[in-house]
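Chemist: Assemble the whole structure, with the sequences as input and the hints as a guide.
Protein chains in written order, with my numbering: chain A, 15 to 292; chain B, 2 to 156; chain C, 11 to 268.
Treat the hints with care, as some may be off.
Said to hold, decoys possible - Derived DSSO-like pairs: lysine-lysine, alpha-carbon spacing no greater than 30 Å straight-line:
| id | chain 1 | residue 1 | chain 2 | residue 2 |
| --- | --- | --- | --- | --- |
| 1 | A | K106 | C | K48 |
| 2 | B | K89 | B | K60 |
| 3 | A | K147 | C | K20 |
| 4 | A | K147 | A | K242 |
| 5 | A | K254 | A | K206 |
| 6 | A | K242 | C | K48 |
| 7 | B | K137 | B | K28 |
| 8 | A | K147 | A | K206 |
| 9 | A | K106 | A | K56 |
As the list claims (entries may be wrong) - So, partial list: chain C residues that the calculated Cβ filter (under 10 Å) puts toward chain B:
| id | residue |
| --- | --- |
| 10 | P51 |
| 11 | S59 |
| 12 | L167 |
| 13 | W195 |
| 14 | D207 |
Derived by calculation from the structure, the hints in this document are not laboratory data. Backbone N, C-alpha and C fix where the C-beta goes; we use that ideal spot for every residue, glycine too.
The lines below spell out each chain.
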Amino acid sequence: MRQVENSALDDALVVIDNLHFAHSFGAHQVYRNLSMRVPRGKITAVMGPSGIGKTTLLRLIGAQLYPQQGSIEFAGHNVHQLNRRDLYELRKRMSMLFQSGALFTDMTVYDNIAFPLREHSQLPEEIIDTIVKMKLEAVGLRGARDLMPAELSGGMARRAALARAIALDPELILYDEPFAGQDPISMGVIVKLIKELNASLGLTSIVVTHDIAEVMTIADYVYILADKQVVGHGTPAQLKQSDDPLIHQFLHGEADGPVPFHYAAASLEDDLLGSDHA
Amino acid sequence: MESRNTQLAVGLFVIIGILALLFLGLKAANTNVLTNGETYKLFAKFDNIGGLKERSPVKVGGVVVGRVSKISLVGDYYEPLVEMTISKEYNEFSDTTSVSILTSGLLGEQYIGLNPGFIDDTVEMLEDGDYIYDTKSALVLEDLIGQFLFGQGND
Amino acid sequence: MLNRVAALGKVTLDAIAGAGAALFMLMRALFGKPQLRKSWPLLMQQMYSVGVLSLLIIVVSGLFIGMVLGLQGYTILVDFGAEQSLGPMVALSLLRELGPVVTALLFAGRAGSALTAEIGLMKATEQLSSLEMMGVDPLRRVISPRFWAGFYSMPILALVFSAVGIYGGYLVGVRWLGVDDGAFWSVMQSNVEWGQDILNGVIKSLVFAFVVTWIALHKGYQCTPTSVGISRATTSTVVTASLAVLGLDFVLTALMFG
Numbered sequence: 015m016r017q018v019e020n021s022a023l024d025d026a027l028v029v030i031d032n033l034h035f036a037h038s039f040g041a042h043q044v045y046r047n048l049s050m051r052v053p054r055g056k057i058t059a060v061m062g063p064s065g066i067g068k069t070t071l072l073r074l075i076g077a078q079l080y081p082q083q084g085s086i087e088f089a090g091h092n093v094h095q096l097n098r099r100d101l102y103e104l105r106k107r108m109s110m111l112f113q114s115g116a117l118f119t120d121m122t123v124y125d126n127i128a129f130p131l132r133e134h135s136q137l138p139e140e141i142i143d144t145i146v147k148m149k150l151e152a153v154g155l156r157g158a159r160d161l162m163p164a165e166l167s168g169g170m171a172r173r174a175a176l177a178r179a180i181a182l183d184p185e186l187i188l189y190d191e192p193f194a195g196q197d198p199i200s201m202g203v204i205v206k207l208i209k210e211l212n213a214s215l216g217l218t219s220i221v222v223t224h225d226i227a228e229v230m231t232i233a234d235y236v237y238i239l240a241d242k243q244v245v246g247h248g249t250p251a252q253l254k255q256s257d258d259p260l261i262h263q264f265l266h267g268e269a270d271g272p273v274p275f276h277y278a279a280a281s282l283e284d285d286l287l288g289s290d291h292a
Numbered sequence: 002m003e004s005r006n007t008q009l010a011v012g013l014f015v016i017i018g019i020l021a022l023l024f025l026g027l028k029a030a031n032t033n034v035l036t037n038g039e040t041y042k043l044f045a046k047f048d049n050i051g052g053l054k055e056r057s058p059v060k061v062g063g064v065v066v067g068r069v070s071k072i073s074l075v076g077d078y079y080e081p082l083v084e085m086t087i088s089k090e091y092n093e094f095s096d097t098t099s100v101s102i103l104t105s106g107l108l109g110e111q112y113i114g115l116n117p118g119f120i121d122d123t124v125e126m127l128e129d130g131d132y133i134y135d136t137k138s139a140l141v142l143e144d145l146i147g148q149f150l151f152g153q154g155n156d
Numbered sequence: 011m012l013n014r015v016a017a018l019g020k021v022t023l024d025a026i027a028g029a030g031a032a033l034f035m036l037m038r039a040l041f042g043k044p045q046l047r048k049s050w051p052l053l054m055q056q057m058y059s060v061g062v063l064s065l066l067i068i069v070v071s072g073l074f075i076g077m078v079l080g081l082q083g084y085t086i087l088v089d090f091g092a093e094q095s096l097g098p099m100v101a102l103s104l105l106r107e108l109g110p111v112v113t114a115l116l117f118a119g120r121a122g123s124a125l126t127a128e129i130g131l132m133k134a135t136e137q138l139s140s141l142e143m144m145g146v147d148p149l150r151r152v153i154s155p156r157f158w159a160g161f162y163s164m165p166i167l168a169l170v171f172s173a174v175g176i177y178g179g180y181l182v183g184v185r186w187l188g189v190d191d192g193a194f195w196s197v198m199q200s201n202v203e204w205g206q207d208i209l210n211g212v213i214k215s216l217v218f219a220f221v222v223t224w225i226a227l228h229k230g231y232q233c234t235p236t237s238v239g240i241s242r243a244t245t246s247t248v249v250t251a252s253l254a255v256l257g258l259d260f261v262l263t264a265l266m267f268g
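Modeler: Set out below in structure tokens:
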């Protein structure tokens with residue numbers, strides 16, 4: 015693993031330190047000794063093969079899950095040591111774009127975006143109306159405000175969800191696989207939106223994904239996860255020049271390498287000949 | 002607008018519920034004055050109350066005027082004492098009134114029959130807390146059969 | 011052998027953990043800081059989908075069950091020359107038992123399963139997580155209004171059921187089979203008590219409402235967020251809630267009328 019010196023890392027919004035996490039009473043270890051720093055005002059990409067628990071990482075940052083060891087600090091607060099009220103208060107400063115969009119199916123796009131404002135601000139309805147229209151404009155869905163989520167295409171739903179995520183002007187946005195299952199055009203739109211929003215609103219973004227090509231174009235800093243820990247990190251340019259076989263395999267999408275193609279199993283001969291069932 | 006319609010529907014729903022309760026309360030259930038209304042209490046001692054229970058009706062000529070509110074044993078000889086709660090509407094019983102424990106039909110529930118006594122200048126009216134002394138106990142089937150057999154033997 | 015014991019231990023632990031989680035969920039949903047301005051419209055909406063939309067099935071079933079009671083009761087009672095007791099028979103069986111119990115069973119099937127599926131789906135589509143990440147407690151926003159809606163709706167539905175059922179019994183007994191109109195109502199009135207029958211029926215249906223809604227919400231909230239998980243949770247809601255209602259009904263009947 016190569017250590018990269020980078021002055022931008024000094025001002026970190028999220029600091030993950032020595033994290034151990036396992037699902038369901040230690041049966042399935044997800045992270046061992048995971049450490050990460052997410053610089054303020056930048057787009058940080060977290061990449062890794064499917065099933066590595068990238069979504070779990072976001073849930074840990076949002077304190078929906080609790081680690082067995084280690085700490086996660088958001089803006090100087092250890093998120094797992096806050097009481098409920100402070101945690102809910104802190105969550106207003108971050109938002110998460112879920113893979114499915116997670117729009118509330120029983121309200122219109124407009125009401126979905128107005129929801130966090132109505133819930134958390136005491137603003138009068140006229141001001142909320144203005145904010146909602148501006149957020150919709152930012153994602154290009156002002157014309158779709160009276161549609162129900164079920165009437166939106168996948169790409170539009172994700173954009174609407176993005177508008178909702180930025181409704182309260184958070185400091186941090188967590189993107190969970192924002193590119194998964196999108197056609198090339200809506201993928202391009204979302205890539206552009208993430209970049210623009212980050213720049214114009216002064217956000218910090220964490221993008222969890224396995225779509226390398228897209229994210230390498232917008233990320234300021236990249237972490238690669240494999241085998242329960244960080245196996246490489248650096249700016250996209252630094253990573254492309256890396257000669258670490260794992261990073262190389264991942265960035266170039268090779269089928270077999272340090273990350274094996276096969277899920278751990280007995281050898282094919284044994285399986286086919288049934289030696290252990292004989 | 003949609004939420005207004007929702008509220009309207011829920012309001013109607015609650016009204017239907019209240020109407021159902023009123024229907025059950027007024028049309029199906031016992032609406033006699035005793036459940037609320039003003040009442041007074043009378044007491045009567047019996048030798049045997051048979052199958053009388055609390056809440057059994059007290060009737061005059063078949064009309065319910067009150068209910069048994071309490072049954073207890075009193076005195077050195079443990080005599081059954083029945084407390085009756087009677088509607089204030091019927092407060093003109095004289096102290097010559099008698100009570101008996103009767104059965105409605107062959108297999109029916111037992112109830113208290115109140116037979117109003119005569120009224121003239123010499124009698125007083127029963128008031129709250131008074132005792133009725135002229136009582137007739139319940140007929141117990143076994144006793145009847147016993148008497149019948151005993152009577153047969155004597156013949 | 012040891013494996014069996016271990017399996018039993020695991021089942022027991024899971025059951026205790028499940029009950030604890032259910033209790034915890036309910037506590038947090040109900041004893042949060044109430045926000046009347048926000049929760050009133052939510053309650054209205056849920057009363058609509060849980061209560062108003064269940065009205066039709068309740069009215070139709072109530073009518074038919076009342077009619078069947080009228081018919082069956084008449085054929086039995088007429089043998090004893092006691093057909094004038096048809097009124098109290100219909101009214102008492104509805105008010106004491108069938109009203110609360112059948113309503114609860116229908117409610118579990120109609121509204122309970124819908125609640126479980128809705129919440130399960132909200133979980134599967136990450137809407138619950140999304141609420142949490144927005145700093146909105148899903149227990150208070152999603153669970154609590156649904157719970158109260160179920161709790162208030164079911165007694166109303168049970169009353170409607172009993173009223174319609176008595177009317178159904180009246181239709182068959184009096185209008186069709188010719189039991190005396192006056193006797194039908196007056197014998198009913200002299201046998202049905204406010205406290206003993208109507209109030210106890212309402213108490214029963216409040217208990218059932220509590221249990222059925224709780225089970226439905228808990229099953230939805232704890233379900234595995236996949237299509238199989240949701241369908242299992244929905245089935246489990248109907249089965250568990252129905253069994254709980256029947257079991258509790260016995261206990262309550264023993265306490266009230268025993």
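Chemist: Please go over all the hints and tell whether each is borne out by the structure.
Modeler: Tested hints:
Under the criterion of a C-alpha separation no larger than 30 Å, the hint pairing K106 (chain A) with K48 (chain C) is consistent with the structure, at around 18 Å. Pair hint K89 (chain B) plus K60 (chain B) holds up; C-alpha atoms about 14 Å apart against a cutoff of 30 Å. A distance of roughly 53 Å separates the Cα atoms of K147 (chain A) and K20 (chain C); the hinted pair therefore is violated under the 30 Å criterion. For the hint pairing K147 (chain A) with K242 (chain A), the CA-to-CA distance comes to about 42 Å; that exceeds 30 Å, so the pair is violated.
The suggested pairing of K254 (chain A) with K206 (chain A) holds, with an alpha-carbon distance near 22 Å, which does not exceed 30 Å. Restraint check: the Cα-Cα separation between K242 (chain A) and K48 (chain C) comes to about 43 Å, which exceeds 30 Å; the hinted pair is violated. In summary, the hint linking K137 (chain B) to K28 (chain B) is not supported, as the alpha carbons are separated by about 35 Å, beyond the 30 Å threshold. A C-alpha spacing of about 20 Å is found between K147 (chain A) and K206 (chain A), which places the hinted pair at or below 30 Å, so the restraint holds.
The straight-line distance between the Cα atoms of K106 (chain A) and K56 (chain A) is roughly 19 Å, inside the 30 Å bound, and the hint therefore holds. Restraint check, P51 (chain C) versus chain B: the minimum CB separation of about 6 Å is within 10 Å; hint holds. Nearest Cβ of chain B to the Cβ of S59 (chain C): about 9 Å, under the 10 Å cut. The hint holds. Annotation: L167 (chain C) was flagged as interfacial toward chain B, and the flag holds, the nearest CB pair being 8 Å apart, inside 10 Å.
Using the Cβ-Cβ criterion of 10 Å, the hint placing W195 (chain C) at the interface with chain B is satisfied: the shortest such distance is roughly 7 Å. The beta carbon of D207 (chain C) is positioned within 10 Å of a beta carbon in chain B (closest approach about 7 Å), and the interface hint is therefore held.
This entry does not satisfy hints 3, 4, 6 and 7, going by the numbered hints stated previously.
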